[in-house]
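Build out the structure end to end from the sequences listed, making use of the hints.
Sequence lines, in order, name chains A and B. Counting with our numbering, you get residues 2 to 330 for the letters of the first sequence. Counting with our numbering, you get residues 475 to 797 for the letters of the second sequence.
Simulated from the structure, these hints should not be mistaken for lab results. C-beta: ideal position from N, C-alpha, C; glycine also. There's no promise every hint is true.
[What the hints assert, rightly or not] Think about it this way: if two alpha-carbon atoms lie no more than 27 Å apart in a straight line, the pair counts; the simulated DSSO-like pairs of lysine-lysine are:
#	chain 1	residue 1	chain 2	residue 2
1	A	K117	A	K86
2	A	K172	A	K86
3	A	K172	A	K238
4	A	K172	B	K774
5	A	K172	A	K139
6	B	K774	A	K61
[Said to hold, decoys possible] Label-pair distances were calculated between CB atoms; the ranges are:
#	chain 1	residue 1	chain 2	residue 2	range
7	A	I210	B	L644	31 to 37 Å
8	B	E612	A	P319	35 to 41 Å
9	B	L644	A	P235	44 to 50 Å
10	A	T309	B	D638	33 to 39 Å
[Stated by the list, open to error] Where chain B lies over chain A, by a calculated footprint (3+ residues, C-beta under 8 Å):
#	segment
11	57-66
12	209-222
13	225-233
14	264-274
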Amino acid sequence: MTKWMRRALGGVGLVAAMAMLMAGCGARDAGDADESATAGGGDKPQVALIMKSLANEFFKTMEEGARAHHAENAERYDLIAQGIKDELDVNRQVQLVEQMVARGVDAIVIAPADSKALVGVCAQAMAEGVTVVNIDNKLDAAVLEEQGVEIPFVGPDNRAGARLVGEELAKALAPGSEVAIIEGVPTAYNAQQRKAGFEDAMNAAGMKIVASQSARWEMSEAARIVPPILSAHPELKALLCANDSMALGAVAALREAGRLGDVLVVGYDNISAVQELIRDGQMLATADQHADQLAVYGIEYALEILETGAAPADRETPVDLVTAETMGS
Amino acid sequence: MTAGKAAGAGGGGMPRAIADYLGMLGVLLALIVFFSLTAPNFLTVRTFQTIANQAPDAIVIAVGMTFVLIIGGIDLSVGSVMALSGAVLGVGMAQWGWSLPTAAAVGLGVGLLCGAANGALTVRWPIPSFIVTLGMMEIARGAAYLTVSSQTQYVGSRIGVLADTRVLGLSLPFLIAIAVVVVGQAVLSGTTFGRHVLAIGANEEAARLSGLATGRSRLIVFAACGMLSGLASVILVSRMASADPNMGTGYELQAIAAVVIGGTSLMGGRGSVVKSFFGVLIIAVLGYGLAQMGAQDPTKRVVTGAVIVAAVIADYYRGRMRR
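The following block contains the structure:
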């Protein structure tokens, strides 16, 4: 009996300790947010930036860009930046939007984890008078129409970006060459757009797409699926990867197979790790969507709508081709 | 019943062990024949070389996981520990100018520390290893992101040396993995420590009452599993020439699947390192063959899942026929 009680007490103690720990973390987070919110008076608009996983380099860069912009424009607005743990944690993101509305922010700039599931809560936020701007992953047009809301999208055209990379690759290939696409997560809108862009460029240049498989945005998964594609298609001349992590994996697999140089690799995103590969010719090209500016474009647009009350319309942001040549200049 | 379980695994006669290995080998051969008939250019030396070069990280993790499952535990943190070791290794080499041996040693050390922490926590407090390692899974993953500031760290050819070294067409990591399997099996079936591990897994209370240092054995098993995760990260970072903080996601489940396909019981007290090795190869051949056939991701997942369940059911019937 006493042993049980001791255990029970121990358990309660542990739970209490964990609760305090969490409360501590929570308090600190809130403190951070409050700090930026109260930094300089109460009449500045509050802008909440809600992103996907901050563990992902892309969103981390986006957040840093937004913070830098805020540091320079602290007198114009207050920034509350939030992310979720896992890119697929849709529920948590819905809760974040609700929290921000409850907190009384003036604008929400959001990179939705899901292009359909987030429409409802964004519509509610707009009904409460919050300005909502959609960045990164475009909300589904059909669902938006069904809910009767218009949420402006500010972001790059992934399809056009991928087409740009594909066209650069096509210049280095003989017409009729066999190529393969390494796709991202097939359910993601940007993955579909990039695949479509690659296909546009390859079809236009008369290349033969002999394989198209998903490596779920992951480096080691790409290294796992590239060798079988190579042996199924020995004449393969190029791999078009929907992000740079997968391009890194593809380069590793080609090096192992002794086919580097003979099979060309292109990627997307321009992460820091591929820049050296592009410089020394192991990768041909990638696309830069200016991740550090993506959130900034969204924030600027939200502020513009708040100030002028302009009607929301989509706005396209630049995508640039990156090759050894452009890096040299 | 528990005593019988322990004896069935530890003291099994040679003929039975060989019959078991032949069973697994049969499954592997069946897969190879199937893919040779259905996938273009599957049956080539290159295919097997590639699989041998791809599998080492999964093999060494499966060896560690085999011991953990035999002792009646589970380690969900292997993939994250791998990412953390890899992150430290990558940043150490690329930014702090560590030499490859130093970086590799630190990588193993990070894994060892995480594993030892898992072990110590489950020994000191009566918390299931499921919970402790679930915690470590989050801690190590978060720490990995912090170490590399959430960016893939490019290391370059300095670390590639390890994976690019070939002996008889096989990569150095594969030979290391084979050595780990051989040593692992020898420890499990040929040493007192191995017998303790089996006894603890069969019935921890009985093992304790008969005077075995169960806590110490648990600690060693978890620490070894952590260190092998560290070894896996050295291997993977070397292959990729870069450290990705997302690496190893899902490895824990893949390792558990491979080990269970190899007939190791999730309840503990029974298992074989060599059969776990075959389990990894079965999953690797399956993945390779399906990709070569051009199967899409959802199909691959469905088929792999079905094979795991079928293999475990087959193992259940093999076990029953023996009694």
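Here is what the structure says about each hint:
1. Our distance criterion of 27 Å between C-alpha atoms is met by K117/A and K86/A, whose separation comes to about 19 Å.
2. At roughly 41 Å between alpha-carbon atoms, K172/A and K86/A are farther apart than 27 Å, so this suggested pair is violated.
3. Under the criterion of a C-alpha separation no larger than 27 Å, the hint pairing K172/A with K238/A is consistent with the structure, at around 13 Å.
4. Of the supplied pair hints, the one linking K172/A and K774/B is violated, its CA atoms being roughly 34 Å apart against a limit of 27 Å.
5. This hinted pair does not check out: K172/A and K139/A have alpha carbons roughly 31 Å apart, beyond 27 Å.
6. In summary, the hint linking K774/B to K61/A is not supported, as the alpha carbons are separated by about 31 Å, beyond the 27 Å threshold.
7. A C-beta distance of roughly 33 Å is found between I210/A and L644/B, which places it inside the suggested range of 31 to 37 Å.
8. Range check, E612/B to P319/A: Cβ separation about 37 Å, and the 35 to 41 Å hint holds.
9. Between L644/B and P235/A the beta carbons are some 22 Å apart, a value that contradicts the proposed interval 44 to 50 Å.
10. Taken as a hint, the range 33 to 39 Å is violated for the pair T309/A and D638/B, whose Cβ atoms sit roughly 59 Å apart.
11. Only when three residues or more bring their CB closer than 8 Å to a CB of chain B does the claim for the segment 57-66 of chain A stand; here the count is 3, and the claim holds.
12. Figure legend: the segment 209-222 of chain A, annotated as covered by chain B; annotation consistent (7 residues with Cβ-Cβ distances under 8 Å, at least 3 required).
13. A stretch counts as covered by a chain when three or more of its residues have a beta carbon under 8 Å from one of that chain; for the segment 225-233 of chain A and chain B the count is 7, and the coverage holds.
14. Remark: the segment 264-274 of chain A is confirmed as covered by chain B, as 3 of its residues place a Cβ nearer than 8 Å to a Cβ of that chain, reaching the required three.
Figure legend: structure checked against the earlier numbered hints; hints not met, in rising order: 2, 4, 5, 6, 9 and 10.
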